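Asker: So you can see what is in the structure, the chains are spelled out below.
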Amino acid sequence: MPKKVVISGADAVAHAVKLCKPKVLPMYPITPSTLIPERLSEFVANGEMDAELILVESEHSAASALYGAYATGVRSFTATASQGLALMHEIIPIISASRFPAVMAVANRALSGPLNIWNDHSDTMSERDQGWIQLYCESAQEAFDTTIMAYKIAENENVLMPVMVCIDGFALSHVYEPIQIEDAEKVDGFLPEYKPLNFLDTSKPISIGAFAQPNTYFEFKEQYQNAMLKALEIIPKVSAEFAKEFGRSYGDGLAELIEMKDAEYAIMTVGAVSTGSARAVVEEMRKKGKKVGIIRLKCVRPFPVEEIIKACKKIKSLGVIDRHISIGYEGPLATDTKAALKTSKTKVTGFIAGLGGRDIDRKRIAAAFETIIKGKEGYWLK
Amino acid sequence: MAKETKKENKKVFSADGKVEITCGAIITNPGSTKAYKTGEWRTFKPEIDQAKCIKCSKCWMSCPDAAIYRDKEGRYLVNYDYCKGCLICAKICPVKAISYKIEEK
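Here the protein sequences line up with chains A and B, keeping their order.
Position one of the first sequence corresponds to residue 1 (this note's numbering), numbered consecutively onward.
Position one of the second sequence corresponds to residue 1 (this note's numbering), numbered consecutively onward.
Incorrect hints may appear among the rest.
What the hints assert, rightly or not - Below, a list of computed lysine-lysine pairs in the DSS-like style, where the Cα atoms sit at most 30 Å apart:
(1) B:18 - A:221
(2) A:237 - B:10
(3) A:314 - A:376
(4) A:313 - A:363
(5) B:10 - A:195
(6) B:72 - A:204
(7) A:221 - B:11
(8) B:55 - B:84
(9) A:237 - B:11
(10) B:34 - A:204
(11) B:10 - B:45
In short, the hints are calculated from the structure, not lab data.
Remember, predicted model here, so these are calculated numbers, not experimental data.
Modelling step: build the complete structure from the supplied sequences, incorporating the hints.
Answerer: In structure tokens form, the structure reads like this:
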């Protein structure tokens, strides 16, 4: 029987990981992701999980061991946040370049400096170009479900790209919610045993991590791009399969459209904090007869261009809430969305909000709606 | 919804057609380094004067690319496929048997 429990978002990820049965767990705890390695080490110590937990000396080593685990041909997992992810940066593109279908949870936290432990998206958004699929969650249940789906997406033979499961630090990682923990047999049915394509095997020797000359490096990058574009097809399929099996879905797995059917004005959000407030504001505005909606982007990489074009067909003006700024320009989601809608009539306005844990409350979201409805310029939702 | 996707087995090659673009950049045939002729990098081309050579093997031992070899007659020769022209051999030779000139291609 599936179990109903009240646990935190980070705990939900750990429970999902347990059901996915990774064999190696390289861990280096960092706030606010710490609860994930904490719980996983309990599972291993209690004998609930048959995995090798490696307490590594840094996140650089955690990512390296994640790579090493996949090189031996087994499923693996790690979790991190902020500076931890930044320290992994050197290894991040090497994992994707080797087409290792790794899964990593990131409890989103602001990057230093100044030093800050609170939630924004500067850590994962800064890694968005490195060949990892990025799936952002809104609830603890979604964090649980997305972790299981992440392995299925990553391990699809036409994808074979790693996945970051992103949960808002504290606002989701530390918030307790009632969730349903699924049966191990049912998860086994959904996520079959991992069958690696490339791994070090003495009976079939290969070299991994080889040097690529100017005559090949370019084509390899093209290969990763094609695989990521393939993921745009696979993610909705896995999402539909998950819905069929477990009865839950989050839009089509790429984006969730909230009150978008007849909407004229919309806000694009990512993650739990901005979406939660936006839901409340949209509910209030709908009561007053305003035709407003939300595009909650679940998948930031690969960027679901067609999805966004389709969702914005009747939208006069779209406000994009970025929780990260590409210093010197604007929010990266705003840039991407403007490019996606370049031939559309929808006006795109970027907002920077919630940096370093600043709240994105209803007042701020309402102000963003007012700005786009009145056709004013976007600004800092301070 | 996307159509049923099957694994695509079509082989892809680099623009010059010489290297297969494998999934995950793996190498399945060993010895690929040997096929990479680093001698192309050379600016200075060392030449061993066999009349002066005393066969002390210092150049053979010092070459960082193992690009000096000994033939059946015991002569020391340069393998220009891999010699990068660092001239350590010329510097180390006790009898100044190794001269060099600017490589011309």
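Asker: Hint by hint, which ones does this structure get wrong, listed from lowest number up?
Answerer: Hints 6 and 11 not satisfied by this model.
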